[in-house]
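Chemist: Construct the entire structure; sequences and hints are all you get.
So you can see what is in the structure, the chains are spelled out below.
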Amino acid sequence: MLKYVVKRILWILPVMIGASFLVFALLNASPGDPARIHTGSDATEADIEKFRQDHGLDKPFIVQYCDYIYKVFTKGDLGNSYRSNTPVAGRIAQTFPVTLKLTLFSMVIMLLTGIPLGILSALRQYSLLDGIVSFLGMIGVSMPNFWLALQLILIFSFHLGWLPASGSQDMRYFILPAVTAGIAGMATIMRTTRSAILEVYRQDYIKTAEAKGQKESVIIWRHMLKNASLPIITVISASFCGSLANSTVVETVFSMPGMCKLLVDSIVSLDNIVVMGAIMVLAVTCCIVNLVTDLVFAAIDPRIKSQFKRRQVKGS
Amino acid sequence: MGRNRKNSQLYEFWKRFRRNKLAIAGILFILLLIFVILFQGVIAREGINDQKYDDMLAAPSMKYLFGTDQYGRDIFSRMVYGTKYTISMGLIAASISAVIGIFLGSVTGYYGGKMDNFIMRAVDIFMTLPNILLALVMTASFGPGFFNTMIAVGIAGSPAMTRVTRAAVMGVRNQEFIEAAISNNASDMRIIWRYVLPNAIAPIIVQYTMFVAQAILIGSSLSFLGLGLQPPAPEWGSMLSAGKAYMRECWWLTAIPGVFIMLVVLAINMIGDGLRDALDPKQKR
Amino acid sequence: MQERERLLEIEDLKVEYITDSGVVHAVNGVSFGLDHGEIIGIVGETGAGKTTIALSIMRLLQTPPARMAGGSIRLGGTDILKESKKNMRQIRGKKVSMIFQDPMTALNPLETVGAQVEEVILIHEKLSRVDARKKAVEILEMVGIKGERFQDYPSQFSGGMKQRIVIAIALACRPELLIADEPTTALDVTIQNQVLALIRNLKNELNTSVILITHDLGIVAEMCEKVAVIYAGEIVEFGEIAQIYDHTLHPYTRGLFGSIPNINATADRLQPIPGSMHDPRIEKKGCVFADRCAIRQECCEKEKPELSAAGEGHYVRCFFAS
Numbered sequence: 001m002l003k004y005v006v007k008r009i010l011w012i013l014p015v016m017i018g019a020s021f022l023v024f025a026l027l028n029a030s031p032g033d034p035a036r037i038h039t040g041s042d043a044t045e046a047d048i049e050k051f052r053q054d055h056g057l058d059k060p061f062i063v064q065y066c067d068y069i070y071k072v073f074t075k076g077d078l079g080n081s082y083r084s085n086t087p088v089a090g091r092i093a094q095t096f097p098v099t100l101k102l103t104l105f106s107m108v109i110m111l112l113t114g115i116p117l118g119i120l121s122a123l124r125q126y127s128l129l130d131g132i133v134s135f136l137g138m139i140g141v142s143m144p145n146f147w148l149a150l151q152l153i154l155i156f157s158f159h160l161g162w163l164p165a166s167g168s169q170d171m172r173y174f175i176l177p178a179v180t181a182g183i184a185g186m187a188t189i190m191r192t193t194r195s196a197i198l199e200v201y202r203q204d205y206i207k208t209a210e211a212k213g214q215k216e217s218v219i220i221w222r223h224m225l226k227n228a229s230l231p232i233i234t235v236i237s238a239s240f241c242g243s244l245a246n247s248t249v250v251e252t253v254f255s256m257p258g259m260c261k262l263l264v265d266s267i268v269s270l271d272n273i274v275v276m277g278a279i280m281v282l283a284v285t286c287c288i289v290n291l292v293t294d295l296v297f298a299a300i301d302p303r304i305k306s307q308f309k310r311r312q313v314k315g316s
Numbered sequence: 001m002g003r004n005r006k007n008s009q010l011y012e013f014w015k016r017f018r019r020n021k022l023a024i025a026g027i028l029f030i031l032l033l034i035f036v037i038l039f040q041g042v043i044a045r046e047g048i049n050d051q052k053y054d055d056m057l058a059a060p061s062m063k064y065l066f067g068t069d070q071y072g073r074d075i076f077s078r079m080v081y082g083t084k085y086t087i088s089m090g091l092i093a094a095s096i097s098a099v100i101g102i103f104l105g106s107v108t109g110y111y112g113g114k115m116d117n118f119i120m121r122a123v124d125i126f127m128t129l130p131n132i133l134l135a136l137v138m139t140a141s142f143g144p145g146f147f148n149t150m151i152a153v154g155i156a157g158s159p160a161m162t163r164v165t166r167a168a169v170m171g172v173r174n175q176e177f178i179e180a181a182i183s184n185n186a187s188d189m190r191i192i193w194r195y196v197l198p199n200a201i202a203p204i205i206v207q208y209t210m211f212v213a214q215a216i217l218i219g220s221s222l223s224f225l226g227l228g229l230q231p232p233a234p235e236w237g238s239m240l241s242a243g244k245a246y247m248r249e250c251w252w253l254t255a256i257p258g259v260f261i262m263l264v265v266l267a268i269n270m271i272g273d274g275l276r277d278a279l280d281p282k283q284k285r
Numbered sequence: 001m002q003e004r005e006r007l008l009e010i011e012d013l014k015v016e017y018i019t020d021s022g023v024v025h026a027v028n029g030v031s032f033g034l035d036h037g038e039i040i041g042i043v044g045e046t047g048a049g050k051t052t053i054a055l056s057i058m059r060l061l062q063t064p065p066a067r068m069a070g071g072s073i074r075l076g077g078t079d080i081l082k083e084s085k086k087n088m089r090q091i092r093g094k095k096v097s098m099i100f101q102d103p104m105t106a107l108n109p110l111e112t113v114g115a116q117v118e119e120v121i122l123i124h125e126k127l128s129r130v131d132a133r134k135k136a137v138e139i140l141e142m143v144g145i146k147g148e149r150f151q152d153y154p155s156q157f158s159g160g161m162k163q164r165i166v167i168a169i170a171l172a173c174r175p176e177l178l179i180a181d182e183p184t185t186a187l188d189v190t191i192q193n194q195v196l197a198l199i200r201n202l203k204n205e206l207n208t209s210v211i212l213i214t215h216d217l218g219i220v221a222e223m224c225e226k227v228a229v230i231y232a233g234e235i236v237e238f239g240e241i242a243q244i245y246d247h248t249l250h251p252y253t254r255g256l257f258g259s260i261p262n263i264n265a266t267a268d269r270l271q272p273i274p275g276s277m278h279d280p281r282i283e284k285k286g287c288v289f290a291d292r293c294a295i296r297q298e299c300c301e302k303e304k305p306e307l308s309a310a311g312e313g314h315y316v317r318c319f320f321a322s
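Residue numbers (the numbering used here), protein chains in the order written: chain P, 1 to 316; chain X, 1 to 285; chain H, 1 to 322.
There could be a bad hint or two in this list.
What the hints assert, rightly or not - Calculated cross-link-like contacts (lysine-lysine; reagent style DSSO-like; alpha-carbon spacing at most 27 Å): (1) Lys207/P - Lys134/H; (2) Lys226/P - Lys85/H; (3) Lys302/H - Lys14/H; (4) Lys101/P - Lys244/X; (5) Lys114/X - Lys3/P; (6) Lys14/H - Lys86/H; (7) Lys207/P - Lys95/H; (8) Lys7/P - Lys75/P; (9) Lys126/H - Lys86/H; (10) Lys95/H - Lys215/P; (11) Lys82/H - Lys207/P; (12) Lys207/P - Lys135/H; (13) Lys126/H - Lys215/P; (14) Lys226/P - Lys3/P; (15) Lys215/P - Lys85/H; (16) Lys207/P - Lys85/H; (17) Lys215/P - Lys135/H; (18) Lys82/H - Lys215/P; (19) Lys94/H - Lys226/P; (20) Lys215/P - Lys134/H; (21) Lys14/H - Lys85/H; (22) Lys94/H - Lys215/P; (23) Lys71/P - Lys50/P; (24) Lys86/H - Lys215/P; (25) Lys226/P - Lys135/H; (26) Lys207/P - Lys126/H; (27) Lys114/X - Lys7/P; (28) Lys82/H - Lys95/H; (29) Lys226/P - Lys134/H; (30) Lys14/H - Lys207/P; (31) Lys207/P - Lys203/H; (32) Lys86/H - Lys207/P; (33) Lys226/P - Lys86/H; (34) Lys207/P - Lys146/H; (35) Lys94/H - Lys207/P.
What the hints assert, rightly or not - Covered stretches of chain P (in silico footprint by chain H; criterion: 3 or more residues with CB under 8 Å from a CB of chain H, positions within the stretch not fixed): (36) 198-206; (37) 209-217; (38) 223-235.
These aren't lab readings, by the way, just hints derived from the structure by calculation. Cβ coordinates follow ideal geometry from the N, Cα and C atoms, glycine included.
Modeler: Have a look at this one:
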């Protein structure tokens, strides 16, 4: 088991190197020369050349990449913004907590609503409640979140005046954004919970437990939920990353000073070095979430442990 | 005999699919939209850029079914002309992901070995980032624009498609009729194309359909963020984005494009659910 | 045969399934009895209603779609169909146990096998955890699983071993009645015999009565004292093993024998029973087997034959059985 944990943690390294190379190469291939774009139209050739040297853009691509990785690992330096020439790491440190808070808050909403509703509608399959929940789940995954965000603002901020429409001063500012970012994940968790419970419900080992004379409540908790939890955990971790990604839209609509808004703004203003840093932080976050998921999986499911005795771990 | 069996399989599938009223409703709605695209010039009463300064921000009425925007443009006409962007965003992006994903997935699933290992590790790397972020990075790289977003969204969806195809192909690969085909000296390409893929197609079709819906959502999100099709093109996401400044007084500017995006995605998701249930009877009792 | 006490008495059991396409009469007036320590075989093809009978005795049928349409199941004086849910829980696992067809899926994959045996003991016996564990180890060893494998998970066992564990769970509280629903169908032939021998030995040791459900007449001949042949939810022939094998009366039973290969016979081909079971959604006026019967007469279509005595303890549902 320990060996599995160590291997699984070490696996993050090649993934991150691969992902960073991929993103770095993509951004490097973008049309337009950052040196010309960000020095302005009245810049002299000398200004442009100086900009290139300051940001290391005069070196060949592969050297630039190695420099970047080297600085990240030795100094935690993600380079300087092309636009404002401030350190990217500092900007991210300022903005990431907002994004993380938003995502965690939306996770809480997702879990507290998605799982109970999923269980309830599975246990009352084909009832009216089940029908309503299933339909709402369908709408939840189909709704564009930017639209939902605007409608929530319209209702709760403009008409009712209950909640603020933009900013991130205190928890009240996070309610509408968290609901928006979480709605798709909530619907997915609900649907997955429902189908996982229904799937487990017709397994023979539930019959075995009933044949033992076990109480229904114990059967649900001990035999059904634990088995159904495996697909649910997978989808929870996917929903975490999904909600993180949704923050790009949500933070933009609610004008929250989060990292995902920084990311979108930087894409629009072609500040690729900031894009690189923000994407990497998001990738690391997702990687860690996936890692935790895999470890939880291994702790719950004995089949993974015994499988690992036989063959090497193959990623996530 | 073979043909007959195939037909009856299709018929069985259709019989199961037909029972799903929601899926049928979804298909009808999409057919309606395709009809709208084909006859957009007839259906739309105004041009997409006809500005009427007397009728700026008019509420929905008999004259302007969905109202007008801040330049006095008829929103109904703009919605009609915008339909093709939304539908083609979904279909083309999903098709790009399918072409890449089916190719990589069938090759890795069929051959296995080192190449499989290598490609799947690359897929793992791609999958570290959620779809929309991957699409965002690629848009940053390719530059904004409709075709670029379409390609970006398509590529962003291909890792998932690769995984689905690979799993399906691996499931079929070890069956006896494949052994039989191999022993008949059929070429690998022929085996994959004629024997493996047709038997692995069900999960691929479902993934394709579901990704059409996702691609529409991602694509319109990118447009909303200003990275997709640029104004004044009547793309639904960017119409919504443009309308948000007036949304307090003029609900129709944001509500109408939003509702239609949702309806399209909902319809496709319902078709996808119907397909999944009909193609995989094991899942439902 | 020595006199034994009656344990189970099923009378005129009727079970229906309510489906979208109509009411399915799965069990249609089945009656039989079982003594203490007796082992009875229920034989019939897939869909004949064998498992429905078993699940009715356990009261484990999902209602709806199932509906108990009539009859009674008496177990040592109490009518199971009238018991409360709470009492039923005390009967299940304690007085009546069941072994399911597929051992691969009958065990919870996320719990150790020991914990799963322990579970049934803790439900029914007032034992401390330590004592319950001791007893669980004992029972596992009784079915041939080493005690040190107590902490292993189902995925670490083979199919035959899993079925032993399932049997251990079923017999942990020494039930009076064991229902084995095709306990060997999912197993290899060599393992089949081991599992059957285990059931037989434990039955003798614990004086448990057994209902053995199978479609394999060979297994019945080896294991059972009495046989009930079921067709379309009805008993068509019932008797002691020798009566059924040596004086086969019902054409369906004869057909069943014709469908198994006989190593001594010189016949070139097996003789399958022509046709398939009639649609159980349609209530049939005449004999349920008439459509496929070789000795059918006109009256078979019009009137339903009663289950009538054809010898001491030998019953058959056919006008022309002789």
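Chemist: Run every hint past the structure and note whether it holds.
Modeler: Hint check results:
Distance check on the hinted pair: Lys207/P and Lys134/H sit about 25 Å apart at the alpha-carbon level, within 27 Å; holds. Proposed proximity of Lys226/P and Lys85/H is supported: the alpha carbons are some 25 Å apart, at most 27 Å. The suggested pairing of Lys302/H with Lys14/H holds, with an alpha-carbon distance near 22 Å, which does not exceed 27 Å. The hinted pair formed by Lys101/P and Lys244/X meets the criterion: a straight-line CA distance of about 26 Å does not exceed 27 Å.
In summary, the hint linking Lys114/X to Lys3/P is supported, as the alpha carbons are separated by about 24 Å, within the 27 Å threshold. Proposed proximity of Lys14/H and Lys86/H is supported: the alpha carbons are some 23 Å apart, at most 27 Å. The suggested pairing of Lys207/P with Lys95/H holds, with an alpha-carbon distance near 17 Å, which does not exceed 27 Å. Distance check on the hinted pair: Lys7/P and Lys75/P sit about 26 Å apart at the alpha-carbon level, within 27 Å; holds.
Between Lys126/H and Lys86/H the alpha-carbon distance is near 17 Å, which keeps this suggested pair within the 27 Å criterion. Taking the CA atoms of Lys95/H and Lys215/P, the gap is about 16 Å. The hint holds against a cut of 27 Å. Restraint check for Lys82/H and Lys207/P: satisfied, since their Cα atoms lie roughly 21 Å apart, inside the 27 Å limit. For the hint pairing Lys207/P with Lys135/H, the CA-to-CA distance comes to about 23 Å; that is within 27 Å, so the pair holds.
Restraint check for Lys126/H and Lys215/P: the C-alpha separation of about 16 Å stays at or below 27 Å, so the hint holds. Of the pairs offered as hints, the one joining Lys226/P and Lys3/P holds, with about 25 Å between alpha carbons and a cut-off of 27 Å not exceeded. With a C-alpha separation of about 10 Å, the suggested pairing of Lys215/P with Lys85/H holds against the 27 Å cut-off. For the given pair, Lys207/P sits about 15 Å from Lys85/H by alpha-carbon distance, which is consistent with the 27 Å threshold.
Among the hinted pairs, Lys215/P with Lys135/H is consistent with the structure: their alpha-carbon atoms are about 22 Å apart, no more than 27 Å. Proposed proximity of Lys82/H and Lys215/P is supported: the alpha carbons are some 19 Å apart, at most 27 Å. For the hint linking Lys94/H to Lys226/P, the alpha-carbon distance of about 26 Å falls within 27 Å, and the restraint holds. At most 27 Å may separate the alpha-carbon atoms for a hinted pair to count; Lys215/P and Lys134/H meet this at roughly 23 Å.
Note on Lys14/H and Lys85/H: the hinted pairing holds, with a Cα-Cα distance of about 20 Å set against a maximum of 27 Å. For the suggested pair Lys94/H and Lys215/P, the alpha carbons sit about 14 Å apart, so the restraint of at most 27 Å is met. A distance of roughly 20 Å separates the Cα atoms of Lys71/P and Lys50/P; the hinted pair therefore holds under the 27 Å criterion. Distance check on the hinted pair: Lys86/H and Lys215/P sit about 9 Å apart at the alpha-carbon level, within 27 Å; holds.
Distance hint between Lys226/P and Lys135/H is fulfilled; the C-alpha atoms sit about 26 Å from each other, no more than 27 Å. For the hint linking Lys207/P to Lys126/H, the alpha-carbon distance of about 23 Å falls within 27 Å, and the restraint holds. This hinted pair checks out: Lys114/X and Lys7/P have alpha carbons roughly 20 Å apart, not beyond 27 Å. With a C-alpha separation of about 16 Å, the suggested pairing of Lys82/H with Lys95/H holds against the 27 Å cut-off.
A hinted pair counts as satisfied when its Cα atoms are at most 27 Å apart, and Lys226/P with Lys134/H qualifies at roughly 26 Å. Under the criterion of a C-alpha separation no larger than 27 Å, the hint pairing Lys14/H with Lys207/P is consistent with the structure, at around 22 Å. A hinted pair counts as satisfied when its Cα atoms are at most 27 Å apart, and Lys207/P with Lys203/H qualifies at roughly 23 Å. A threshold of 27 Å between alpha carbons decides the hint, and for Lys86/H with Lys207/P the separation of about 17 Å falls inside it, so the pair holds.
Between Lys226/P and Lys86/H the alpha-carbon distance is near 24 Å, which keeps this suggested pair within the 27 Å criterion. For the proposed pair Lys207/P and Lys146/H, the alpha carbon gap of about 26 Å is at most 27 Å, so the pair holds. For the hint pairing Lys94/H with Lys207/P, the CA-to-CA distance comes to about 15 Å; that is within 27 Å, so the pair holds. A stretch counts as covered by a chain when three or more of its residues have a beta carbon under 8 Å from one of that chain; for the stretch 198-206 of chain P and chain H the count is 3, and the coverage holds.
Proximity of the stretch 209-217 of chain P to chain H, defined as three or more residues with a beta carbon under 8 Å from a beta carbon of that chain, is established by the 7 residues found. Counting residues of the stretch 223-235 of chain P whose beta-carbon sits less than 8 Å from any beta-carbon of chain H gives 3, enough to reach three: the coverage restraint holds.
In terms of the numbered hints stated before, the structure departs from none.
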